[in-house]
Amino acid sequence: MAFLSRFDRPYEAQRPPVHPLIIDKISLNFGGVRALNEISLRVDPGQIFAIIGPNGAGKTSLLNCINALYRPQMGHIMYGDVDLVKVPPHRLPRLGVARAFQNIELFSHMSVLDNLMLGRHIYMKKNLLQALFYWGAGQREEIEHRRFVEYVIDLLEIQSIRKATVGSLAYGLQKRVELGRALSLNPTLILLDEPMAGMNTEEKEDMARYILDIREEWGITVVLIEHDMGVVMDISDQIAVLEFGRLIAVGKPEEVRSNPEVIRAYLGQEYS
Amino acid sequence: MATQSGIYHQTYESDMQLRPTTAQRVRMVLVIAFVLVLPLLVSQNEVRIVNKVMIAAIGAIGLNILVGYTGQISLGQGAFLAVGAYGCGLLMVYFQVPWGLALMAGALITAVVGGLFGLPSLRLKGLYLAVATLAAQQIVEWIIIRWDPIDGTIDGKATDALRIPSNFLFGNSAWRLNDNEYAFYYFVFVVLAIVVIGSVNLFRTHYGRAFIAIRDQDIAAEVMGVNLFYYKVLAFAVSSFLVGLAGGLTTIHSTAISFERFTIDVSIAYLAMIIVGGLGSISGAIYGAIFIEILPEILRSIGQALVQNRLVSDQVFVTVLPFVQQGTFGLLIILMLIVEPEGIRKLWSNIKDYFRLWPFSY
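So the sequences go chain by chain: W and Z. Residues in the first sequence are numbered from 1 upward in steps of one, following this note's numbering. Residues in the second sequence are numbered from 1001 upward in steps of one, following this note's numbering.
Just so you know, these hints were derived from the structure itself, not from any lab. One should not assume that every hint holds.
Claimed, not checked - To give a feel for the contact side, a few chain W residues facing chain Z, derived at Cβ under 8 Å:
(1) Leu69
(2) Tyr70
(3) Arg71
(4) Leu95
(5) Phe107
(6) His109
(7) Met110
(8) Leu132
(9) Ile143
(10) Leu185
What the hints assert, rightly or not - DSS-like, lysine-lysine: derived pairs with alpha carbons at most 30 Å apart:
(11) Z:Lys1125 - W:Lys86
(12) W:Lys252 - W:Lys204
(13) W:Lys126 - Z:Lys1125
(14) Z:Lys1352 - Z:Lys1125
(15) Z:Lys1352 - W:Lys163
(16) W:Lys163 - W:Lys125
Think of the CB as a built atom: it goes at the ideal place given N, C-alpha and C, for glycine as much as any other residue.
Kindly generate the complete structure, drawing on both the sequences and the hints.
Okay, here's the thing in structure tokens:
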């Protein structure tokens, strides 16, 4: 039985190509409310890109647009040569885009293992008859993907809860499982909506380490929303600041930190 | 569920086994042995009841795949049973299709019809979808009642019932399925076993995981690459296939069918089966089918025993007892759900856990 060793890199196989994410003047309206106003951003491959801003600024709306859950009325979001504004959401994992939600959206009655295995869904090719019979081809495919999932479990150090029902886990662990589910897709771009909200310092440190790891090892581009400025300033390469659906600043952490408009709108004096 | 310590899986195959411990396998063998010898122990009439239970179990597994696993509430169970039953029956009567083929064809037709009625599930959720499937129930019932060609004739007179000449089923041999309950018993048991194995396997693979994911968090499932439209319709089709199979078996078992067997009451009885048995569980569907099908029979035989022992008069038996029986039936379902809201399956696994930890249950 060929188990994966620490040095195998299963994520290097079956990987969709890496692209920059180019957001070109998108605007999103809900009735008369303008949630996003002509936002343009560029996220380069391998970056950790943070989006910050006060509540209701449109951060999650922006992620939902990238994720094709919302359809902006104007503008384009290019990932490679695909306009994400025009594809159905379930196509995105095939393009290499994964998402972890703000309010954990795990499959709460399934085990951790099954949640991660669902992340392998798009790679599964067996047909319905093979699934009904299971033994043979079906089982081989399940085991092949189980290996990948075990690699993710190893990376996130959740071996002990593999078989636990997700709904019964502590909040911090659920957040970690949700990251694991997104990683199981073997994405090239991962969208994290407040990955550290509600965590204690130690859990935040762990999560920051995982985010840095997947960027360094897997080469995944990370777009994240986060309110903990300490973390954001430490790990981000680029930061975009939103206020009332407008982009008020974008740049390196030190540039954003000293930008007077960002200080006025969001940061306050403490970080300046 | 409590798990036994000291079991170390060395391969993924053994870790993914359905019954990893010897005790579980022994219990499975015992259950199969019991099922095989059961007909030798009971009367023909009791075997008939068990046959009805097994047909209901197949239908309930089908419904549980849709409602319990995929989270799409359906009130169209009766309609889908009818499509399977009439599909199978009409193919035999009008096109002289052999019964086995007609059974499969009826199930496939039901899968297609179920898939069609599943189309609204893309837009409608929960109770709204339930109302949409209620439309399926009404439409199919209406067609069966109003459309004359699908009704048969008895003694030259048109009736609402479709009668299948018994020589369609295994000719005139002694093993004719329709009047030899014992032969039918073994036949339907094999069908049930195949259905159970297939369904259990389904939920070990990405198809089943996608179904459960749609129930738990449909948006997240979509973002993870599950095509909601395809998998919802597929859930309707797979579920309806099994329900249609149950319908076709009803036709073969009873040789005459009419719309009364496929009304909204039947849809609700099947929902009761999977709720009492345990939503989202194959074994739960079987337990529920046993509970809902056997209980009225037990209540009826208690009633008959009362009459025979002259504890109640024939008059009371006819007028009062049916109401008492129905009331008791309802009461037992309510009690069952108060004791264990997650159904008989959970109750049974609690009992097993208790004894697994006994006598040191801390």
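Each hint tested on the structure:
1. Leu69: holds, 7 Å
2. Tyr70: violated, 12 Å
3. Arg71: violated, 14 Å
4. Leu95: violated, 10 Å
5. Phe107: W:Phe107 check passes; min Cβ-Cβ to chain Z is 4 Å, inside 8 Å.
6. His109: holds, 6 Å
7. Met110: holds, 6 Å
8. Leu132: holds, 4 Å
9. Ile143: holds, 5 Å
10. Leu185: holds, 7 Å
11. Z:Lys1125 - W:Lys86: holds, 25 Å
12. W:Lys252 - W:Lys204: holds, 22 Å
13. W:Lys126 - Z:Lys1125: holds, 29 Å
14. Z:Lys1352 - Z:Lys1125: violated, 36 Å
15. Z:Lys1352 - W:Lys163: holds, 19 Å
16. W:Lys163 - W:Lys125: holds, 24 Å
Going down the numbered hints, you'll see the structure goes against 2, 3, 4, 14, while the others check out.
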